[in-house]
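So the protein sequences, as listed, match chains A and B. In this text, residue positions in the first sequence follow numbering that gives the first Met the number 0: the first is 0, and each later residue adds one. In this text, residue positions in the second sequence follow numbering that gives the first Met the number 0: the first is 0, and each later residue adds one.
If you are wondering where the hints come from, they were derived from the structure by calculation, not from laboratory data. All residues carry an ideal CB built from backbone N, CA and C; glycine is no exception. Incorrect hints may have been included.
[Unchecked claim] Straight line, CA to CA, 20 Å or less: simulated SDA-like cross-link-like pairs of lysine to any residue: (1) Lys56/B with Ile41/B; (2) Lys16/A with Lys56/B; (3) Lys56/B with Val203/B; (4) Lys237/B with Val227/A; (5) Lys16/A with Gln197/B; (6) Lys101/A with Ile87/A; (7) Lys237/B with Val100/B; (8) Lys16/A with Leu265/B; (9) Lys16/A with Ile258/B; (10) Lys101/A with Leu193/A; (11) Lys59/B with Gly44/B; (12) Lys237/B with Val243/A; (13) Lys237/B with Asn46/B; (14) Lys101/A with Leu91/A; (15) Lys59/B with Gly136/A; (16) Lys56/B with Leu93/A; (17) Lys237/B with Phe131/A; (18) Lys237/B with Leu193/A; (19) Lys16/A with Lys59/B; (20) Lys59/B with Trp186/A; (21) Lys237/B with Val111/A; (22) Lys16/A with Leu34/A; (23) Lys101/A with Ala25/A; (24) Lys237/B with Gly136/A; (25) Lys237/B with Ala48/B; (26) Lys56/B with Ile132/A; (27) Lys101/A with Val86/A.
[Said to hold, decoys possible] Residues from chain B shown here face chain A by an in silico Cβ test under 7 Å; the list is partial: (28) Pro110; (29) Leu113; (30) Pro129; (31) Leu146; (32) Asn185; (33) Tyr202; (34) Phe252; (35) Val253.
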Amino acid sequence: MTTLAADTQARPLPPSKWRRNVSLLAVALVLLWALFASNLPFDRLLGLPSGLATILGDMLFFPDWSYFGTAWEGMVESIQMAWVGTVIGAVLSLPLGFLGAKNVSGGALSVVIRQVLNAIRAFPEIILAVLFIPPLGLGAVTGAVALGLHSTGTLGKLTAEVIEGIDAGPIEAARSTGANQVQTLRWGVLPQVLPEIVAFWIYRFEINVRASAVLGVVGAGGVGQSLVNTVNFRHWDKAGMLLVVIIGTVILIDLASGRIRRRIIEGGDKPSRGQMIEQPEFATEIAPPRAARTMSFSLPRRAR
Amino acid sequence: MSAGLRGGELRAAPRRPTPPGASRLLLVGIAVFLAITAWAVIGLGPNFARILANISKAPKIISEFWPPDLGFAPTTADGMIETFQMAVLATALGSLIALPVAFLASRISAPNGLILYLDRTILSVVRSVPDILYAIIFVSVLSIGPLPGILALILFNIGIIGKLLSETVDGIDPGPIEAARASGANHTQMVWSSVMPQVLPNYVAYALYTFELNIRASAVVGFVGAGGIGLVLDTQRKFFAYDRVAMIVLELFVMVVIIELISERLRRRLA
Numbered sequence: 000m001t002t003l004a005a006d007t008q009a010r011p012l013p014p015s016k017w018r019r020n021v022s023l024l025a026v027a028l029v030l031l032w033a034l035f036a037s038n039l040p041f042d043r044l045l046g047l048p049s050g051l052a053t054i055l056g057d058m059l060f061f062p063d064w065s066y067f068g069t070a071w072e073g074m075v076e077s078i079q080m081a082w083v084g085t086v087i088g089a090v091l092s093l094p095l096g097f098l099g100a101k102n103v104s105g106g107a108l109s110v111v112i113r114q115v116l117n118a119i120r121a122f123p124e125i126i127l128a129v130l131f132i133p134p135l136g137l138g139a140v141t142g143a144v145a146l147g148l149h150s151t152g153t154l155g156k157l158t159a160e161v162i163e164g165i166d167a168g169p170i171e172a173a174r175s176t177g178a179n180q181v182q183t184l185r186w187g188v189l190p191q192v193l194p195e196i197v198a199f200w201i202y203r204f205e206i207n208v209r210a211s212a213v214l215g216v217v218g219a220g221g222v223g224q225s226l227v228n229t230v231n232f233r234h235w236d237k238a239g240m241l242l243v244v245i246i247g248t249v250i251l252i253d254l255a256s257g258r259i260r261r262r263i264i265e266g267g268d269k270p271s272r273g274q275m276i277e278q279p280e281f282a283t284e285i286a287p288p289r290a291a292r293t294m295s296f297s298l299p300r301r302a303r
Numbered sequence: 000m001s002a003g004l005r006g007g008e009l010r011a012a013p014r015r016p017t018p019p020g021a022s023r024l025l026l027v028g029i030a031v032f033l034a035i036t037a038w039a040v041i042g043l044g045p046n047f048a049r050i051l052a053n054i055s056k057a058p059k060i061i062s063e064f065w066p067p068d069l070g071f072a073p074t075t076a077d078g079m080i081e082t083f084q085m086a087v088l089a090t091a092l093g094s095l096i097a098l099p100v101a102f103l104a105s106r107i108s109a110p111n112g113l114i115l116y117l118d119r120t121i122l123s124v125v126r127s128v129p130d131i132l133y134a135i136i137f138v139s140v141l142s143i144g145p146l147p148g149i150l151a152l153i154l155f156n157i158g159i160i161g162k163l164l165s166e167t168v169d170g171i172d173p174g175p176i177e178a179a180r181a182s183g184a185n186h187t188q189m190v191w192s193s194v195m196p197q198v199l200p201n202y203v204a205y206a207l208y209t210f211e212l213n214i215r216a217s218a219v220v221g222f223v224g225a226g227g228i229g230l231v232l233d234t235q236r237k238f239f240a241y242d243r244v245a246m247i248v249l250e251l252f253v254m255v256v257i258i259e260l261i262s263e264r265l266r267r268r269l270a
């Protein structure tokens, strides 16, 4: 009896940490295994600073400006691949996104479509390009198709998730005026989701520019082919020119795209939704759109 | 005169407003979009005749890929394990280095404007370089193997986690920061006691997310000689051994899907 009284007066025990400790231990073990089992030649790292300094010095301080024309030509082809890939992805992912959204198609169909989209996303662009080379041949068209297919997977998933997070009000309103299924989608759903979907398309273009710059590694067109060739022949000045062109173009396109996306998403009278602009690839996973939506719609329309 | 005017007003009043026409900005946007698309398609110069001819050969091409060479699976085991190890090490080191990088890239936790500006600039340059480009450079210095691949992935991870985490820090609740300052904490103490606990779950989630990306990316950097299953895949591809290519792609797919399932489940619990 006295022990019971003592127990009730004692401080409550802190919550058990065994779960956390076990997972930390597991992570540490995997890490150690990877470190020792991989037999990495760490001694080579000693030569890294001087080696990098030589190569990067040749690349970035003495780029071969006479090579600019060739480099730019390859970059333009990469941009064209990225654009066509994005358009293919946008066109295919829009209907797939609608069919994959539980609140639009529902049931087995949406589950199947979502699984197909997930499966597509699991293949990196460059591996899709490898698979498309036998039927389509070497070149930029293959690259564009590979980018297009991968984009369909990612854009389809994002589109479906945005549609699942919409406000039901406009749908009800459309139905109550006698709209059929297609009219409901056109007037009740599309206007709600289009700005975000278009922002995703533009964001995807950014990513595709980066990806298309390297598809040349497997012969799927763009600036990557020249890059591999110049590096293999140790023409560092030419490789440096290519690097400058690639990085410069990517940064410029990122800046422009960020601006346009900001304008599209924040341009209206909606409250700011920073995460959808800055972290689109993550926004729907860590902060599901449903939560963000409910918040933004409960606010008065012109609230600032 | 005045009576006639009043009558006119009465008749004009109930007219419905005309709906607004399509916005000029939208029309310009569509025109620009179509123009760029036409330019890009013409630039790529698709040879439709050849593509159609190839489609008619589809059964033959598919038969080269399918069925996958199951007997090749044991040979690929080493490459798959190496890819996994590369992803583990790159994630660990990348997320470790990314932590201070991210804190210095947020207005809230950076000690001063100069460091903030420098760190953000470096971060955006690091992010603009595709992972394979890093691998190409590291392979030319360190020669072929998983080590240059890991270094390439580390830079790739710093770029991603640095950006995601610094933006998370930007958006944290300012209350605890004020509380730390009010109790006399210096900058480092404030970051450690007020910022860190708020972003820790996000940080772990981002690390898991990059681990997923790394499994895919470590297969990709192999194409330029940076070790892992990509190296095996590239060799088989050059021998036109498409049934083996199919086998490797299939294995990779299974590994990616399993790791994503586990990681996504863990991340949802953190969120």
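Hint-by-hint comparison with the structure:
1. Lys56/B with Ile41/B: This hinted pair is violated, its Cα atoms lying about 25 Å apart.
2. Lys16/A with Lys56/B: violated, 61 Å
3. Lys56/B with Val203/B: At roughly 48 Å apart (the allowed maximum being 20 Å), Val203/B and Lys56/B break the hint.
4. Lys237/B with Val227/A: holds, 16 Å
5. Lys16/A with Gln197/B: Given that 20 Å is the threshold and the Cα spacing comes to 19 Å, the pair holds.
6. Lys101/A with Ile87/A: violated, 24 Å
7. Lys237/B with Val100/B: The hint is violated at about 40 Å.
8. Lys16/A with Leu265/B: With Cα atoms ~17 Å apart, Lys16/A and Leu265/B stay inside 20 Å; holds.
9. Lys16/A with Ile258/B: violated, 25 Å
10. Lys101/A with Leu193/A: This hinted pair holds, its Cα atoms lying about 18 Å apart.
11. Lys59/B with Gly44/B: violated, 26 Å
12. Lys237/B with Val243/A: Not OK: Lys237/B and Val243/A at ~30 Å, beyond 20 Å, violated.
13. Lys237/B with Asn46/B: The hint is violated at about 24 Å.
14. Lys101/A with Leu91/A: Holds, at about 18 Å.
15. Lys59/B with Gly136/A: holds, 15 Å
16. Lys56/B with Leu93/A: The hint is violated at about 30 Å.
17. Lys237/B with Phe131/A: holds, 14 Å
18. Lys237/B with Leu193/A: violated, 43 Å
19. Lys16/A with Lys59/B: violated, 58 Å
20. Lys59/B with Trp186/A: Roughly 46 Å separates the two Cα atoms, so the pair is violated.
21. Lys237/B with Val111/A: Distance of about 35 Å is beyond 20 Å: violated.
22. Lys16/A with Leu34/A: violated, 27 Å
23. Lys101/A with Ala25/A: violated, 37 Å
24. Lys237/B with Gly136/A: holds, 14 Å
25. Lys237/B with Ala48/B: violated, 26 Å
26. Lys56/B with Ile132/A: Holds, at roughly 14 Å.
27. Lys101/A with Val86/A: violated, 25 Å
28. Pro110: Violated, because the Cβ-Cβ distance from Pro110/B to chain A comes to roughly 23 Å (cut-off 7 Å).
29. Leu113: violated, 21 Å
30. Pro129: Holds - the Cβ of Pro129/B comes within 7 Å of chain A, reaching about 5 Å at its closest.
31. Leu146: Holds, because the Cβ-Cβ distance from Leu146/B to chain A comes to roughly 5 Å (cut-off 7 Å).
32. Asn185: Violated. Min distance 28 Å.
33. Tyr202: violated, 12 Å
34. Phe252: holds, 5 Å
35. Val253: violated, 9 Å
Violation of the numbered hints given earlier is confined to hints 1, 2, 3, 6, 7, 9, 11, 12, 13, 16, 18, 19, 20, 21, 22, 23, 25, 27, 28, 29, 32, 33 and 35; the remaining hints are satisfied by the structure.
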